[in-house]
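Trainee: Chains A and B, in that order, give the protein sequences. Under numbering that gives the first Met the number 0, think of the first position of the first sequence as 0, with each following residue one higher. Under numbering that gives the first Met the number 0, think of the first position of the second sequence as 0, with each following residue one higher.
Do not rely on the hints blindly, as some may be mistaken.
Straight-line distance between alpha carbons at most 25 Å, and here's what the computed DSS-like set of lysine-lysine pairs gives [said to hold, decoys possible]:
{"#": "1", "chain 1": "B", "residue 1": "Lys119", "chain 2": "A", "residue 2": "Lys84"}
{"#": "2", "chain 1": "B", "residue 1": "Lys2", "chain 2": "B", "residue 2": "Lys54"}
{"#": "3", "chain 1": "B", "residue 1": "Lys54", "chain 2": "A", "residue 2": "Lys38"}
{"#": "4", "chain 1": "B", "residue 1": "Lys144", "chain 2": "B", "residue 2": "Lys54"}
{"#": "5", "chain 1": "B", "residue 1": "Lys2", "chain 2": "A", "residue 2": "Lys38"}
{"#": "6", "chain 1": "A", "residue 1": "Lys16", "chain 2": "B", "residue 2": "Lys2"}
{"#": "7", "chain 1": "B", "residue 1": "Lys123", "chain 2": "A", "residue 2": "Lys84"}
{"#": "8", "chain 1": "A", "residue 1": "Lys84", "chain 2": "B", "residue 2": "Lys2"}
{"#": "9", "chain 1": "A", "residue 1": "Lys25", "chain 2": "A", "residue 2": "Lys136"}
{"#": "10", "chain 1": "B", "residue 1": "Lys91", "chain 2": "B", "residue 2": "Lys144"}
No lab work stands behind these hints: they were computed from the structure.
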Amino acid sequence: MYETTYHRAGSVEEAVKLMGEADGGKFVAGGQTLIPTMKQRLAAPDSLIDLRHIADLKGISVDGANVRIGAGTTHYDVANSADLKAVCPGLCSLASHIGDPQVRHMGTIGGSISNNDPAADYPSAMLALGATIHTSKRDIAADDFFTGMFETALDEDEIVTAVSFTAPDACAYSKFPNPASRYAMAGVFVAKGGNGVRVGVTGAGNDGVYRWSDAEAALSSDFSAGALDGLSVDAGDMMEDLHGTADYRANLVKVMAKRAVASAG
Amino acid sequence: MSKVELTVNGRAVSAEVEDRTLLSQFLRETLNMTGTHVGCDTSQCGACVVHVDGKAVKSCTMLAAQASGSEVTTIEGLAAGGALHPVQAAFKEHHGLQCGFCTPGMIMSAVDMINRYGGKLDEKTVRAELEGNICRCTGYHNIVKSILAAAEEMSGAAKVAAE
Ligand SMILES: Cc1cc2nc3c(=O)[nH]c(=O)nc-3n(C[C@H](O)[C@H](O)[C@H](O)COP(=O)(O)OP(=O)(O)OC[C@H]3O[C@@H](n4cnc5c(N)ncnc54)[C@H](O)[C@@H]3O)c2cc1C
Ligand code: FES
Ligand code: FES
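Produce the complete structure using the sequences and hints provided.
Mentor: Laid out in structure tokens, this is it:
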């Protein structure tokens, strides 16, 4: 790891200010992506601004169907929130399968969506739930937030403060984990609610997370796994790497979508 | 440089270190506590697991400066007054280690999972919970056996204490 200077922010305002004073700084939340990346010297921020001690960024509030999750909430806390489980169990299940227990104790939802790894789990849920991403500057619809592999609409000095959404009537996530890394080879989040059926796909697309609109249309008229039988996924839109070919991923997307629909019921 | 202040196994420690110092490095090289192992140094193997404020984390994936102000428990902090912790004793009894390299992390993860699940651990849960701990020797069978035995003993002891 190259040298860096560590700063601990006590508030969102202070973190933004520290970022303004830094010359190529980065925010660090759980550090479960950024620290390994710095150790590989793929990132070399001159300053690290730690968000983990900002109390305002933490916690989950559920008011009827309105859900708000602070950006600094760990995967572990999302997985184990009884309030959230009561209205949106699919998201708890998703969080409980991220990485391993140690990663879940540190990693945060804000860090995961800001990083927008093409194989990360949360981005698919944010798209399918039609979530709003709240930042230190504005509110951004999930559809406008994820702009490509490792790309988001965030400015350098912009902090995700929370995500919010209306709990769907039914939802589920199904992931085919890479057997070594546990990141998604294909992960599909299906949600059925006030804004129809939405399907978010991660791990597979060659431009990062996306919505599968054909599946959304088919499921809107018939919310059953069988409704997807006639659909096919274009392998030309899929990632291809040593873990799997594009054809393999195209097939996985459909299989995961069917499993998600079946378990959403 | 950062001033890092921690409580490690109940003892207050403080040192000035480079900001980029990992918690694993701080424990091993600054405090000379080499019980915490570094296997992969890439967040995969779990040999470096310690507890920070009661939660199991990979100490190679956290800066010492990030942990400053926290309570840290390492493998050296488990045995009380020379008597092995029940999880350590179970690993010994059930042959839960061969070369021993992964063992500090395995045991710290095991204690964490028993704390969270109490007596409700079953084999499937233990195996899923060991996702972040890699062992090149044992094939895991005896590690799982050791953890289940320790969990049973610890919940039995808790029941006796509560009665
Ligand atoms: C062994 C291992 C296995 C993993 N497996 C999975 C998996 O199966 N699925 C999965 O989805 N992920 C997985 N991850 C990644 C994990 O979920 C990370 O926690 C997550 O990607 C990043 O969250 P973080 O809080 O650790 O962010 P950090 O690493 O602290 O930051 C990541 C990036 O986001 C930025 N950032 C952080 N917080 C904010 C904020 N509030 N506002 C703006 N920018 C911010 C940082 O500047 C940085 O660029 C794994 C990680 C490891 C080490
Ligand atoms: S040394 Fe930390 S996970 Fe391997
Ligand atoms: S006992 Fe040798 S690595 Fe586990």
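Trainee: Now tell me if each hint is right for this structure.
Mentor: Verification of the hints:
1. Proximity of lysine 119 of chain B to lysine 84 of chain A is assessed by CA-CA distance (about 20 Å); at most 25 Å being required, the pair is judged to hold.
2. With a C-alpha separation of about 23 Å, the suggested pair lysine 2 of chain B and lysine 54 of chain B falls inside the 25 Å cut-off, and the hint holds.
3. Between lysine 54 of chain B and lysine 38 of chain A, the direct Cα distance comes to roughly 23 Å. Compliance with the 25 Å bound is thereby established for this hinted pair.
4. Proximity of lysine 144 of chain B to lysine 54 of chain B is assessed by CA-CA distance (about 23 Å); at most 25 Å being required, the pair is judged to hold.
5. Between lysine 2 of chain B and lysine 38 of chain A the alpha-carbon distance is near 21 Å, which keeps this suggested pair within the 25 Å criterion.
6. For a cut-off of 25 Å, the pair hint linking lysine 16 of chain A to lysine 2 of chain B stands: about 22 Å separates their Cα positions.
7. Restraint check: the Cα-Cα separation between lysine 123 of chain B and lysine 84 of chain A comes to about 22 Å, which is no more than 25 Å; the hinted pair holds.
8. Note on lysine 84 of chain A and lysine 2 of chain B: the hinted pairing is violated, with a Cα-Cα distance of about 41 Å set against a maximum of 25 Å.
9. For the proposed pair lysine 25 of chain A and lysine 136 of chain A, the alpha carbon gap of about 17 Å is at most 25 Å, so the pair holds.
10. About 11 Å separates the Cα atoms of lysine 91 of chain B and lysine 144 of chain B, which keeps this hinted pair within 25 Å; it holds.
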